[in-house]
Amino acid sequence: MNNIIVYIETENGKIGDVSLELLTKARSLAKGLSCNLEALLIGHKISELQNELFAYGVQKIHIADDQRLVNYLTLPYSAITISLFKEEKPQIALFGATSIGRDLAPRVSSALKSGLTADCTSLEIGDHTDTKSGTIYKNLLYQIRPAFGGNIIATIINPECRPQMATVREGVMKKEPLETPVKGEVNILDVKAMLNNEDFIVEIIERHMEERKIDIKGSPVIIAGGFGVGSRENFKQLFDLARLLGAEVGASRAAVDAGFADHARQIGQTGVTVRPKLFISVGVSGQIQHTAGMDESAMIISINSDPDAPIHQIADYAIVGDLNEVLPKMIQSYKKNSK
Amino acid sequence: MTKTFKIVVLAKQVPDTRNVGKNAMKEDGTVNRAALPAIFNPEDMNALEQALRIKDRFPGSKVLLLTMGPSRAAEIIREGFFRGADGGVLLTDRKFAGADTLATSYALAMAIKKMQPDIIIAGRQAIDGDTAQVGPQVAEKLNLPQVTYAEDIMGIENGKISIKRRLERGIEVVQSTLPVVITVNATAAPCRPRNAKQLMRFKHARTLTEEQDNEHNSYLPIFSLESLIIPEWGVADVGGDEANYGLSGSPTKVKKIENIVFQAKESKRLTSADQDIDSLIKELISSHTIG
Numbered sequence: 000m001n002n003i004i005v006y007i008e009t010e011n012g013k014i015g016d017v018s019l020e021l022l023t024k025a026r027s028l029a030k031g032l033s034c035n036l037e038a039l040l041i042g043h044k045i046s047e048l049q050n051e052l053f054a055y056g057v058q059k060i061h062i063a064d065d066q067r068l069v070n071y072l073t074l075p076y077s078a079i080t081i082s083l084f085k086e087e088k089p090q091i092a093l094f095g096a097t098s099i100g101r102d103l104a105p106r107v108s109s110a111l112k113s114g115l116t117a118d119c120t121s122l123e124i125g126d127h128t129d130t131k132s133g134t135i136y137k138n139l140l141y142q143i144r145p146a147f148g149g150n151i152i153a154t155i156i157n158p159e160c161r162p163q164m165a166t167v168r169e170g171v172m173k174k175e176p177l178e179t180p181v182k183g184e185v186n187i188l189d190v191k192a193m194l195n196n197e198d199f200i201v202e203i204i205e206r207h208m209e210e211r212k213i214d215i216k217g218s219p220v221i222i223a224g225g226f227g228v229g230s231r232e233n234f235k236q237l238f239d240l241a242r243l244l245g246a247e248v249g250a251s252r253a254a255v256d257a258g259f260a261d262h263a264r265q266i267g268q269t270g271v272t273v274r275p276k277l278f279i280s281v282g283v284s285g286q287i288q289h290t291a292g293m294d295e296s297a298m299i300i301s302i303n304s305d306p307d308a309p310i311h312q313i314a315d316y317a318i319v320g321d322l323n324e325v326l327p328k329m330i331q332s333y334k335k336n337s338k
Numbered sequence: 000m001t002k003t004f005k006i007v008v009l010a011k012q013v014p015d016t017r018n019v020g021k022n023a024m025k026e027d028g029t030v031n032r033a034a035l036p037a038i039f040n041p042e043d044m045n046a047l048e049q050a051l052r053i054k055d056r057f058p059g060s061k062v063l064l065l066t067m068g069p070s071r072a073a074e075i076i077r078e079g080f081f082r083g084a085d086g087g088v089l090l091t092d093r094k095f096a097g098a099d100t101l102a103t104s105y106a107l108a109m110a111i112k113k114m115q116p117d118i119i120i121a122g123r124q125a126i127d128g129d130t131a132q133v134g135p136q137v138a139e140k141l142n143l144p145q146v147t148y149a150e151d152i153m154g155i156e157n158g159k160i161s162i163k164r165r166l167e168r169g170i171e172v173v174q175s176t177l178p179v180v181i182t183v184n185a186t187a188a189p190c191r192p193r194n195a196k197q198l199m200r201f202k203h204a205r206t207l208t209e210e211q212d213n214e215h216n217s218y219l220p221i222f223s224l225e226s227l228i229i230p231e232w233g234v235a236d237v238g239g240d241e242a243n244y245g246l247s248g249s250p251t252k253v254k255k256i257e258n259i260v261f262q263a264k265e266s267k268r269l270t271s272a273d274q275d276i277d278s279l280i281k282e283l284i285s286s287h288t289i290g
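If you're matching them up, the sequences are chains A and B in order.
Under numbering that gives the first Met the number 0, the letters of the first sequence match residues 0 to 338, in that order.
Under numbering that gives the first Met the number 0, the letters of the second sequence match residues 0 to 290, in that order.
Watch out, some of these pointers could steer you wrong.
Far from chain A, by Cβ distances over 12 Å, these chain B residues were calculated [stated by the list, open to error]:
1. 5
2. 105
3. 235
With beta-carbon atoms standing in for the labels, derived distance ranges [unchecked claim]:
4. B:198 to A:130: 46 to 54 Å
5. A:189 to B:71: 38 to 46 Å
6. A:214 to B:235: 50 to 58 Å
7. A:185 to B:208: 58 to 66 Å
8. A:274 to B:253: 52 to 60 Å
9. A:85 to B:287: 52 to 60 Å
10. A:315 to B:114: 54 to 62 Å
Calculated from the structure, these hints are not laboratory results.
For every residue, glycine included, the Cβ atom is placed at its ideal position computed from N, Cα and C.
The shape of chain A in the complex, shown without the other chains:
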């Protein structure tokens, strides 16, 4: 009772990185709170995933396995989650801020009338004193997230309602398995008792999922383009340089919205967070929504013809110039100077 439950997302029979990152974070939160770390796994034929969860320190896995649950569906998945949370009364429940987590968590929070904070970038444990009533709340979950387009960082708490719920974006937290897996237990849920036919009124007619091909997060060098790149055609220059440097190509939201680059490449508050050893920013103005996802890069080079572009302020090397001039020169120089 009153433990931490992490919702485990799976795709193609594998546990999503975001869930492993959450487990790593939740493990340290559970330690600080002296409570247990538990996981909720919903799907079909998923029981072989339990060893990986034990390797991340999960002490109890709740498994809902049913043929009808092979793909994520809002209603049955939320019905199971709601009924488990009612039973187990976790103090904290965490979800990935993914297509699934951001669909499931709000539905669950509404049913349980508990607060939910979306897209947290940091989670901490701390106390709170209500200034009006003087009530002291011990060991609350501080849910820290950017808000207002990333221009402020807000710390959100749920003093009264349980569970304290949060979603966290992929790549924001580190994933680290334990050296020795824990010997945890498995709780098989009685799915049939939790669901009724009404939960299946939304049907999936067609489904085309792609394996993740683009791995921006894991790339040591990233070249990212913004709206200033101007076109999908111009983005090719970024790819040319990336191929040469063994880098990945990223993009700002403005560039993705304009159709210059695919969403999987989006870096920033609404995309992925990256910390490469070199980040080359091309035609990006430097809105905080974007820089929040890259400003911890070890080295930043900015290329922007506007000398006042905010991106230049966070760069180690600020090149004030036209990308159509600078990129070919970089390619040329690299070819000449590298062995």
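Since the structure of chain A is already known, use the hints to place chain B on it.
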């Protein structure tokens, strides 16, 4: 007789957080919110277009906007009229103040119950909070199915609506019964422009509060034209438990707000001159930053 539908579009007036330029920054490097223009939340525009397309396909259908906010949010309803909506409601009450997503969803759900639509469509998320919670929470409060991340409402047949969803790693086509709550992505079709005829017809549409505050145009014959009055609903109009509204209905509290301060860090300025680029690349190679 062809089938018609009543569609409610949830729309929010938001500060334009996307373009926080230098003029919106205060001297201490924080954002001057007052300097940001109030706009129609972008994804709610995509939602409106999906609703209007249903109306195109099923003539006689009605598209109504529902927005919650202060008096000036009536602007959202007018914008909806200009683009082809048939009406709208402004949910406004001091008792709504301080609402988090849960209390907001409760208020919207109560208003929707009163409006009795077949389809509820909203933008996926609003750019001031980026939470994407209100759509699913409204659906839960109404005990309706939800279809999030919609890119295209493909059709409605035999009481079933087919929707194409755009997910992080692919697409899905789903079918749902009605009523349903749908949230729409920015990748959906952009909203059609304002229609000149609609603009002429509805430019004087206003709420009674706006009419009272407007000393210059009080002679306008708006009260003879009932279609130009934008209804304002408060807690008294939609009912429900007062404890679920506003601050008291909000489980989440903001403990702390930190403004992001744009700090200038020591940076080297370079130009696009050959020698600048060349020395930079050489430096990167010699430091093993690049291979």
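The hints, checked one at a time:
For residue 5 of chain B, the requirement that its beta carbon stay farther than 12 Å from each beta carbon of chain A is met, with the minimum near 20 Å. Residue 105 of chain B, annotated as away from the interface, has a beta carbon of chain A within 12 Å; the closest lies near 9 Å. Against the 12 Å criterion, residue 235 of chain B stays outside the reach of chain A, whose nearest CB is about 23 Å from its own CB. Between residue 198 of chain B and residue 130 of chain A the beta carbon distance is about 49 Å. The supplied range of 46 to 54 Å therefore holds.
At about 52 Å, the beta-carbon gap between residue 189 of chain A and residue 71 of chain B misses the expected band of 38 to 46 Å. At about 55 Å, the beta-carbon gap between residue 214 of chain A and residue 235 of chain B stays in the expected band of 50 to 58 Å. Between residue 185 of chain A and residue 208 of chain B the beta carbon distance is about 59 Å. The supplied range of 58 to 66 Å therefore holds. Between residue 274 of chain A and residue 253 of chain B the CB atoms are about 28 Å apart, so this pair departs from the stated range of 52 to 60 Å.
Under the hint 52 to 60 Å, the C-beta atoms of residue 85 of chain A and residue 287 of chain B, about 55 Å apart, fit the expected range. The beta-carbon spacing between residue 315 of chain A and residue 114 of chain B, approximately 55 Å, falls within the hinted interval of 54 to 62 Å.
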